[in-house]
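Chains as they are written, first to last, in the numbering used here: chain B, 1 to 291; chain Z, 1 to 347.
Think of the hints as simulated: they come from the structure by calculation, not from any bench. We put the CB at the ideal spot given by N, CA and C, even for glycine. Honestly, I wouldn't trust all of these hints.
[Said to hold, decoys possible] Interface residues of chain Z toward chain B, partial, derived using beta-carbon atoms under 10 Å: (1) Ala28; (2) Ala117; (3) Gln119; (4) Phe121; (5) Ile296; (6) Val299.
[Claimed, not checked] Covered, in the sense of this in silico footprint (three residues per stretch, anywhere, with C-beta under 8 Å from a C-beta of chain B), are these stretches of chain Z: (7) 106-113; (8) 231-242; (9) 288-294.
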Amino acid sequence: MLVNVGLVQALMSGLLMGFVYSLIALGLSLIYGVMDVVNFAHGEFLMLGMFLAYWFSVLFRLDPLIAIFIIIPVLFLVGVGIYKGLIKRILNGTRISQILTTFGLSVFMANMAMFLWTPNYRLAERHLTSTTGDLSIFGVYLGVPELIASVGSILVFAFAYYLIRFTRTGRAIQATSIDSEGARLVGINIDNIYAITFGLGISCVGAAGVLLATFYYIFPYVGTFFSMIAFATVALGGFGSVEGSFVAGILIGIIESLGGFFISPAVKYAIVFMTYMVVIILRPATGLFGW
Amino acid sequence: MPKISRKTVVTVLLYVGAVVIAPLFSKAPFYRHVLIMVGLYGLLGVAWNIMGGYTGLYSFGQSAFFGIGAYTSTMMLVKAGVSPWIGMLCGGILAAIVAAGVAYPTSRLRGPYFTIASQAFARTFQILMTNWDYVEGAIGIPLPLMPDTWRFMQFKDKIPYHIIIFSLLGIAILVCYYIERSRTGYYFRAIRDSEQVASALGINTVRQRIIAAMLSAFFTAIAGTFYAQYVLYIDPESVTHHALSIEIVMVAAVGGAGTIWGPVLGAAILMPISQYARAALGGAGRGIDLIIYGVIIMVIALVRPTGILGFFQRERTIEGEGGDDVDTTITAGTGSDDAVRGALGQS
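Pulled out of the complex, with its shape left as it was, chain Z reads as follows:
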């Protein structure tokens, strides 16, 4: 366990301060809604980042885990009256189990192959959910309206939602801080920099990839439960749609994958654009936010693939498909060595 430094304390205080002050600028429900969206996508981006940023597995199928979270808590609430808080935990655990089940067979896939496989998985999941009658298929499930209680996580006001989502985001960020400093974090980054070298050093890459996938899926599912409680209606189109996976990747990639605050920054930039564009242009401007996203992501990928917060320069060795990548990692020096040495030094 890393020691709690002064920097950590200051960071925590700044975060809490920003979260408390942000909603006070305006009483407008729409403004507060945008803030909640920033928190929600920040959480999703941070969750994606555990896989994409640290471990180098670019999942384009996170919507499936979001859907698992939303559906698990909602089904438990509708069928058995279980509190969504318990449902949230169950959804997270279920998503982590499913993620392990997917991560194991796909553990040999790298680069674009992994990306395509994750996409295929999420699409299969959406088709299955759309055709599963027990969860009402394409019709979707409206959540039963409850009085304003913390027990059932339903509020008329937006402030409690604000508190909940930013607390969850805070927890996810703390977990990332912990990962960055722990041995697991070094393993993850070693795999990202070169899976072959990592494996040659004795790191069980399959196990580490599964751990990363499970952590990522857990937080994504938690965000799914929150979404269900916030919107109070779910269907496969809204909680398992491919577009959601895309937005998650965008948020993390724009802000800076592989950094703790990058995805949060990405959400803080992209969510206001999309929410205000949608509100201002309405039906006529359908898709305009995604046009802007598309341009932003192309420009960033071309000019600075490291995202706004900056990525590590040695990303080049990520793919690791050919045999020559052992060379590159070793000659590349500084960067990869750092992660590799960390993994060595601590094991």
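This is chain B alone, in the form it adopts within the complex:
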């Protein structure tokens, strides 16, 4: 019985974390699907979101759950700016210049954060809800911050999904992702769509960062780790697939926590990465749900 409770506990906490992973992966998958660029700096935008949440909470005494409404548009603009200044120039470039540019951006951002904000671990200040506290449902304890983060992730994911699937701009994004030349022919401004997509991808991962900031440690190199998780998730869900990201995020969260439960918490990420290796070897580029 005890084992069962523990197992359910692990499943539930994996599920909660999984929703956050889904949101992180959505941004990466979207950018890849539409622009065909693998954003190696993805995790660094998560880090940026976390630090923004931290500074809003410390300087303006805004709870991350309120600040998120300011941070999402800010990161959207940051994304558009980075697209215009950097990404646009590599769209027609070689693969290696794409890899190295986004990679250079990631090294630059992580170390800039290190330089400006020191390598110290920080926690955002909470004002609306308590930082700790568990909710007990049938003997299974769920952390309130984790619960809020996962519900928040689902909401942001749903909003992004709505934007992509049901709005005019969203249809233009889909059209560009299917065939950019064709989209150009029917009068879609590809450049704007790319800028919006990049901004949208960055605000998704940034929003995940803000939600994570409510309970996760904030430090300059936090992004490199989440980048790997995001790559694993997107590889599992299929590069470019929105629905795939959602399911794969949950799967990765559950694999991680079950690995921690059955083997050892110390190696749970090794298990995630190995799962990823197996998937990418068996089904490169398409993932489990790609076609």
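With chain B held as given, fit chain Z onto it using these hints.
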């Protein structure tokens, strides 16, 4: 075996001369330390280049092989008192075997997929090393102090280290010269330019990719052993860390991937920047060298993806994911044809 030309002799003499003269400019240990770092990262860059530059496989996971080299020789020394020279060879061979084991299943991956997979492999390796008690896990292993001997590769002075690392680098460069002129080199470049065309011409691309990975891992592991003997303390954080993989790629990409001297040039530019920045700014400037690296690499990737020494112009066909890449290679003419013809002509 290519004939030894006058150019080769002059190059060798210039290299030996530069290596001998360089440490004489200053007796300051720090200056000599920077030189050794140039040699170490030059070796790592040259090793990466065999995979990244010639074969087009951008590995971001070289730190795992560096770690294998450092740990193999150190464990053999600590547990059995075996000379690090033997440990170096064993580490290199072990790394090559592991590389073959990784290269085989990943031989279908290209472009960014290969890059991400190599990163995942190195990170898994780091986590496993951190949690493996036999190798002291996260605590790390201090190497036992020995008297100044060549047998145990430990010296108080920096000059012997200087000689060792630049000899190793010299050997690696010679191997690259040989690869460039040999059939293997043509195979590698054909795979880089278009894997589909290479395979259509009858090149066993999987085997060639494995060979490239093994050679690269071998030299990376040798550098790992050298590092362990030089610093005399290893732990997963220092010898298997992701940042190391990044620096290796930077060194090669900045100098010019796919050229013999590019990675050496890259190390000669980047290492003084990072070492002096760290020394000058200390704890306050943590990360400043990497900020500079990040900017340099972005600028180079945008302005001249070919690196400072210049890359081949026909890099465009590297990814080879779509079916249309056969067209591009053939119409691109000059460049790829050269490699393809070489592979054909010699086979």
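Hints, verified against the model:
Contact between Ala28 of chain Z and chain B, as hinted, is not supported at the beta carbon level, the nearest pair being about 27 Å apart and thus beyond 10 Å. For Ala117 of chain Z, the shortest C-beta to C-beta distance to chain B is roughly 6 Å, which falls under 10 Å, so the interface hint holds. The criterion of a C-beta within 10 Å of any C-beta in chain B is met by Gln119 of chain Z, whose closest approach is roughly 7 Å, and the hint holds. Interface restraint check: Phe121 of chain Z against chain B, minimum CB-CB distance 7 Å, threshold 10 Å, status holds.
Taken as an interface hint, Ile296 of chain Z checks out: its beta carbon lies about 8 Å from the nearest beta carbon of chain B, inside 10 Å. Hint status for Val299 of chain Z: holds, given a least beta-carbon distance of 8 Å to chain B, under 10 Å. Evaluation of the coverage hint for the segment 106-113 of chain Z: fulfilled, as 6 residues show C-beta separations to chain B shorter than 8 Å, against a requirement of three. For the segment 231-242 of chain Z, the assignment as covered by chain B is violated, since 1 residues bring a beta-carbon within under 8 Å of that chain's beta-carbons and 3 are needed.
With 5 residues having a beta carbon nearer than 8 Å to a beta carbon of chain B, the segment 288-294 of chain Z meets the requirement of three or more and the stated coverage holds.
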